[in-house]
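Colleague: Residue-level listing of the chains:
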Amino acid sequence: MLHFAKWKTVLIIAICLIGALFTAPNLIGRQTLDSLPDWLPKQRISLGLDLRGGSHLLLEVDMSAVLRERLNAVSDDVRARLREAGIGYAGIGVDGDAVVVRVRDAADASRIADEMRGMNAGLDVEAADGVVRGRFTAAEIANRRDQTLAQSIEVVRRRVDELGTREATIQRQGDERIIVQLPGVENPAEIKALLGTTAKMSFRLLDPTTSASEVLSGGRLPPGSEILDGTGPGGQPTKYVVQRRVLVSGERLTDSQPSFQNNEPVVSFRFDSVGGRRFGEATQQNVGRNLAIVLDEKVISAPVIREPILGGSGVISGTFTVQEASNLAVLLRAGALPAPLTVIEERTVGPDLGADAIARGEIASVLAFVLVVLFMAAYYKRLGVFADVALFANLVLLLGALSALQATLTLPGIAGIVLTLGMAVDANVLIYERIREELGNGRSPISAVEAGFKGAMTTIIDSNLTTLIAAMLLFQFGAGPVKGFAVTLSIGILTTLFTSVFVTRLLVASWLKRARPKTLAF
Amino acid sequence: MKFSLNPGRTNIDFLRYRVVALVFTAVLTIGIIALVVFRGLNFGIDFTGGVLVEVETSGPADLSAMRAALGDGAFGDVSLQNFGSENAVLIRLSQDDTAGDAQGRLVEEVRRTLAERVDPQIQIQRAEFVGPKVGGELIEGAVIAFVVAIAAMMVYVWFRFEWQFGVGAVLALFHDVIMTIGMYAITGYEFNLTSVAAVLTIIGYSLNDTVVIFDRVRENLRKYRDMTVPELLNRAVNDTLARTIMTGLTTLIALFALFFVAGEALSGFTFAMIAGVFIGTYSTIFIAVPVLVYLNLQRRQRGRVGGEDDADAAGAADA
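Top to bottom, those sequences are chains A and B. The first sequence begins at 1 in UniProt numbering and counts up one residue at a time. The second sequence begins at 1 in UniProt numbering and counts up one residue at a time.
Check before you lean on any hint, since a few could be wrong.
[To be verified] Here are the simulated DSSO-like pairs of lysine-lysine, each with C-alpha atoms no more than 30 angstroms apart in a straight line: (1) K6(A) with K518(A); (2) K298(A) with K381(A); (3) K8(A) with K42(A); (4) K513(A) with K454(A); (5) K6(A) with K298(A); (6) K223(B) with K454(A); (7) K518(A) with K223(B); (8) K200(A) with K223(B).
Simulated from the structure, these hints should not be mistaken for lab results.
Model the full structure from these sequences, guided by the hints.
Modeller: Now the structure itself:
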């Protein structure tokens with residue numbers, strides 16, 4: 001063991017230097033870092049939101065709403081198709097998770113089922129007891145889910161970008177969730193409000209034949225119309241009777257901007273060519289009637305169409321505040337969410353608290369390091385100093401690995417580092433106590449050292465592997481803080497194994513070679 | 001400077017008190033389980049769901065005024081406590097069945113109410129909200145992590161050693177888990193996701209300890225052919241005692257640095273870890289090792305196992 005092949009020595013030193021190289025960016029100022037040549041590693045440890053301050057939101061897409069809507073659409077299609085094919089039926093509707101057709105003539109059941117299968121809507125169709133049921137296949141549901149989620153992420157990203165939040169990360173989690181991380185955002189209320197709005201916009205017409213108050217006091221609601229809440233001209237809540245038919249939908253918008261008209265905040269918008277043409281035609285045919293601008297089943301305003309609007313652009317005036325107008329413009333620009341989003345988890349840390357946590361974590365780490373170093377040196381003398389050098393190399397490698405892997409360092413992660421510092425010396429302690437034992441058995445220093453390293457090896461590997469298993473499982477199944485802790489713990493165990501075995505061994509070996517001590521004092 | 005913590009070549013008869021130790025441990029374990037069951041844990045919002053807001057007031061916080069301002073029913077059950085300093089207050093609102101986004105808005109309402117009625121300069125330092133569904137999933141994830149971690153470590157020990165060692169290690173692990181959770185029940189520290197990390201780390205530390213001694217037991221089984229099993233086990237514990245003390249001390253040094261400096265946010269975690277070092281060391285010496293006496297530990301080579309009957313070799317896995 002006294003013999004260390006040259007290439008091994010070089011390799012061990014090289015690994016430590018590479019660790020130092022990757023750690024260095026964390027110690028250098030941002031500006032100096034930017035001025036360095038590009039081939040140098042420049043990644044710093046990325047700090048979790050609990051350390052840098054910011055907001056973490058977990059959003060859930062209402063998949064049941066998506067599927068319900070889809071079922072309704074399919075049931076409309078079925079109706080149209082059966083009518084086209086001239087097949088009679090007693091009724092069509094949605095029941096739970098199925099489109100249900102009640103059959104009038106039992107002989108038609110199989111024809112109806114065939115028609116429904118022929119639609120390629122991803123339905124599993126079965127007929128029994130005079131009823132034909134179509135359920136979405138698992139593949140169709142999964143497909144729809146993926147599509148909805150991808151689309152939602154896209155819209156969320158656009159909305160967050162519109163607000164100018166920098167470095168936001170938006171990720172899919174599982175089947176129906178989206179994680180949004182917003183560094184530096186202290187009060188996520190505004191973003192939550194924006195993300196919580198579906199922003200489905202449509203231009204429709206008010207029903208001229210009746211009014212909401214008439215219907216509510218017992219009048220007949222005209223077929224194809226519905227009653228929607230909204231805001232009246234003065235800002236007070238009003239109800240409107242609105243036709244269901246959509247003249248132009250919000251998808252046709254290409255741009256929208258907040259602006260002013262008669263000193264009132266308004267939102268101006270522009271349609272794409274198809275939307276512009278349709279809007280032009282619709283306004284041409286309906287001069288004098290009320291246009292209802294509907295956002296998420298609420299009427300924002302219902303101006304009278306005074307003249308055809310042919311230029312493909314227009315203005316929404318409501319009783320907006322400046323903020324509301326600018327938010328609405330953002331929502332319309334970014335597009336509608338395919339399904340409502342709900343915030344189901346939120347963790348926000350103010351930047352002061354984050355900075356405080358870092359400062360305390362740093363002090364704790366330095367203090368722990370210094371104390372352990374002093375303790376080892378005082379106790380094991382020269383060999384203790386070797387262990388200390390290895391411990392320092394360990395810290396450097398750990399920080400370097402965290403920077404290179406861009407693993408996120410969290411507050412529990414700092415705890416993981418400190419804990420690693422304490423436990424890292426275990427391997428060296430095992431080796432040194434073994435050496436002491438062998439010396440006690442009357443061996444010469446060199447042979448005792450050799451036996452010490454050899455005897456401790458299986459123990460070191462066994463004991464570290466068990467902890468590594470625990471750490472990796474923590475990473476696999478843990479959430480949030482547990483994961484952050486597991487990352488540093490796992491990396492810490494690996495760097496510990498390397499440094500306490502190779503680095504200490506190299507130091508001890510080269511010292512023994514040079515000094516050839518007659519006795520070994522502990 | 002010269003000092004020594006090394007007890008030298010000790011010959012303490014740890015195994016002599018194994019019956020006393022096992023009975024004591026069993027009684028303590030049952031007591032702790034009863035305590036946890038009847039008194040319960042102070043679960044954090046990670047698991048219960050709910051809203052947590054940490055605010056900083058401009059002067060020493062007037063808890064009763066804040067309680068009065070928030071206590072008029074609009075916020076459900078409210079609990080307040082100082083957190084770290086006089087100026088910092090932790091507010092917890094219990095989960096009710098309002099929809100997720102309504103819960104999310106509560107944070108802003110809390111701030112507004114307190115700013116209007118107690119302290120206009122109040123600042124929100126931290127706000128967390130966990131929906132009930134997420135809380136349930138976090139519990140599920142934590143339980144899975146626990147079970148899988150324990151199973152995986154047991155399988156590892158079983159493969160590397162013989163089955164008797166696996167049983168000893170697992171009994172020690174159960175002791176560690178129960179005792180650590182018991183520490184949370186006794187002290188009232190909040191039990192949250194970070195606590196789960198603490199418990200699993202304690203398990204890791206304790207098993208580390210156990211494996212070190214087991215390795216020595218295995219070695220001694222080959223080395224000392226004529227010793228009785230209790231003698232052998234005593235030898236192994238004594239041989240590794242210096243290491244146990246040293247590693248325990250350095251780990252404690254680091255943990256105390258964390259406990260006194262790193263702040264309130266990690267104090268529960270570090271406290272559990274500090275207790276865990278003792279719990280883990282105890283369980284290794286007084287549970288994992290003594291259990292081996294009762295499991296008819298076999299030698300690798302054929303030969304007389306002092307005092308034990310070697311006839312039943314069927315259970316020995318000669319790995």
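Colleague: Indicate, hint by hint, whether the structure satisfies it.
Modeller: Status of the hints after comparison with the structure:
1. K6(A) with K518(A): holds (26 angstroms)
2. K298(A) with K381(A): violated (78 angstroms)
3. K8(A) with K42(A): holds (28 angstroms)
4. K513(A) with K454(A): holds (18 angstroms)
5. K6(A) with K298(A): Violated: K6(A) and K298(A) sit about 77 angstroms apart, past 30 angstroms.
6. K223(B) with K454(A): Judged against 30 angstroms, a Cα distance of about 16 angstroms means the pair holds.
7. K518(A) with K223(B): Holds, because 28 angstroms separates the two Cα atoms, which is no more than 30 angstroms.
8. K200(A) with K223(B): violated (79 angstroms)
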